[in-house]
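> Sequence lines, in order, name chains A and V.
Counting from 1, position 280 in the first sequence corresponds to residue 280 in this note's numbering; the numbering is continuous, with no gaps.
Counting from 1, position 23 in the second sequence corresponds to residue 23 in this note's numbering; the numbering is continuous, with no gaps.
Worth double-checking, as some hints may not be accurate.
For lysine-lysine, the following DSS-like pairs were computed, each having C-alpha atoms within a straight-line distance of at most 30 angstroms [what the hints assert, rightly or not]:
1. A:310 to V:46
2. V:14 to A:472
3. A:470 to V:46
4. A:223 to V:14
5. A:284 to A:76
6. A:22 to A:223
7. A:22 to A:470
8. A:62 to A:405
9. V:14 to A:22
10. A:357 to A:76
11. A:289 to A:223
12. A:357 to A:318
13. A:284 to A:472
14. A:22 to V:46
15. A:310 to A:289
16. A:357 to A:284
17. A:284 to A:159
18. V:14 to A:405
It is worth saying that the hints were derived from the structure and are not from the lab.
None of the values given here were measured: they were computed from a predicted structure.
Each chain, written out:
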Amino acid sequence: MRVVILGAGVSGHTAALLLRRKLPASHEVVVVSPNRLWNWIPSNIWVGVGAMRPEQVTFELKPVYDRMRIRFLQAKGTEIHPEGDAESGPFVLVESTAEGNAGQTERLTYDYLINATGPRLDFGATPGLGPENNSLSVCSYQHAAATSRQLDAAIERLKRGERQTLLVGMGHGTCTCQGAAFEYLFNLDFALRRQGVRHLARLVFLTNEAGLGDFGVGGMFLKAGGYVIPSQTFAESLFEERGIEWITGAHVHRVDPGRVEYETLDGNRDELAFDFAMLLPPFKGVLLKAFSHDGSDLTGELFAPSGFMKVDADYTAKNFDEWEASDWPETYQTRYPNIFAIGIAFAPPHAISRPRKTPNGTPVAPAPPRTGMPSAIMGRTVAQSIADMILRGAERPTHGASMAKLGAACVASTGMSPINGTAASLTMFPIVPDHRTYPETGRSLIYTTGELGLAGHWIKHLLHVAFLYKAKALPFWWMIPE
Amino acid sequence: MIARSQNLVVRPMKPTRPTVFMRVLWPWQLLRFVAINLRMTAMILKSHHTRLPRA
Ligand SMILES: Cc1cc2nc3c(=O)[nH]c(=O)nc-3n(C[C@H](O)[C@H](O)[C@H](O)COP(=O)(O)OP(=O)(O)OC[C@H]3O[C@@H](n4cnc5c(N)ncnc54)[C@H](O)[C@@H]3O)c2cc1C
Chain A
1 MRVVILGAGV SGHTAALLLR RKLPASHEVV VVSPNRLWNW IPSNIWVGVG
51 AMRPEQVTFE LKPVYDRMRI RFLQAKGTEI HPEGDAESGP FVLVESTAEG
101 NAGQTERLTY DYLINATGPR LDFGATPGLG PENNSLSVCS YQHAAATSRQ
151 LDAAIERLKR GERQTLLVGM GHGTCTCQGA AFEYLFNLDF ALRRQGVRHL
201 ARLVFLTNEA GLGDFGVGGM FLKAGGYVIP SQTFAESLFE ERGIEWITGA
251 HVHRVDPGRV EYETLDGNRD ELAFDFAMLL PPFKGVLLKA FSHDGSDLTG
301 ELFAPSGFMK VDADYTAKNF DEWEASDWPE TYQTRYPNIF AIGIAFAPPH
351 AISRPRKTPN GTPVAPAPPR TGMPSAIMGR TVAQSIADMI LRGAERPTHG
401 ASMAKLGAAC VASTGMSPIN GTAASLTMFP IVPDHRTYPE TGRSLIYTTG
451 ELGLAGHWIK HLLHVAFLYK AKALPFWWMI PE
Chain V
1 MIARSQNLVV RPMKPTRPTV FMRVLWPWQL LRFVAINLRM TAMILKSHHT
51 RLPRA
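Here chain A stands alone, though its shape is the one from the complex (with noise of 0.2 angstroms):
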């Protein structure tokens, strides 16, 4: 049989990784991705502030798949065809993105598909927003890159004596992903400091979460000192500590050239001036089309309209204050049996950070953000059930793992450097709240956990090099958790 797999990121490389190991040498497992290399996303902050350099967050994939008997297609999917044509059965369209022949289609058959596309980066969404226009990103290690050029011209600049506002935040009111806008800022703060020129530069934060340090999942609640305390009080004291202004329940409406015009919840309009601005871009889902067995369109059906793809979830429309943690999906299977999607590329059924309309009726409504972790074990996950499914003919999934019964391991840098950085080290258990076995914190207040300090930047350290060496499957590659 023959597995294939859109997306060579952290979901889909370790679903491929998994099935190798777990199938026979006459499966065969295929993964398509645009990019030759891969990439450890998170590192991507420390190449925005130039701590690393894009080599050592990257690394070519076609020589690992080569060794590990996985065939690599460096192209992109267009098309799923779930019931085949008179041609064929099911397949999927690909075009080429290698050098020498980007542009060439190939239908590629399958019996199993993942879909593991991540997000499409939706710069497009406010006006002005992205590398291209008036803004910079990290969201790939080529905009870090270009991004920490940016930011040596402007050190250049504060070391001239010129004060400079650097603006950091999210370029939209739906924009998800906030935790890594978060660690950029704390990382340009700290390199500022490195560099003497702290007290010329102006940090402004710029986020559409209604307060600090809900990132995305309604924030969380800590036991400290005999107190059950918000995660926003945490926040708040970090940037007062650091002395980062900032700006709550924003949606930017454009990007000019150093200038940005947002509105917040309160309904009022104004603009920040910056000489420097990373702003995070909304997610969609990448552009893939869906088509029947007589070639009308599914892609209705198959995809939420984000471009997500529809799961195993409880897609009702209900108001946010109804929503159950089992709307959330447990196996990723779509209503076709052997199509699944994994990580950011599928639909969740409902935000967990409360969405709001400013008075002007301008959502500002964080998406749910779907990390590393949870993006892996969906990995690991589907890739049980399907070797199941082949290997012994089980009719269904036998793995689950939804996010309303998972945790999540996050260490939030807030410094790069291994003698007086620090980072914040934060569990939450579950992902998802679930207010029927916490009613008053939505999460385990044994296993929902933060704290700052050094410990916290060895660890984040140790995480890139144990992940990067599990995704080249170096020896004994699958003893490391995801």
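Guided by the hints, dock chain V with the ligand onto chain A, whose structure is given.
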């Protein structure tokens, strides 16, 4: 609208000097390194996917 306030009454809490010092004090951080790793291991064990009951 910058929410950072100069008003002492609504000002966010700030860590004390010893707290900031302990955050980068190597011997203490080595202990925290072990403790955080144990905590994260517990989280990994608790959050691993589940085998679903067969129909
Ligand atoms: C700057 C930044 C910092 C972050 N830091 C952290 C962190 O510290 N901790 C954490 O847990 N998470 C972090 N995250 C989130 C983490 O990166 C994601 O959770 C994770 O990458 C999601 O994995 P994925 O497999 O769904 O998507 P990705 O890892 O994005 O992989 C998607 C893959 O699909 C490929 N692809 C795209 N289109 C197609 C197509 N049409 N056909 C085939 N393949 C396609 C892409 O090239 C890529 O290989 C961060 C994210 C960002 C942007």
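> Okay, which hints does this one fail, numbers in order?
2, 6, 8, 9, 10, 11, 17, 18
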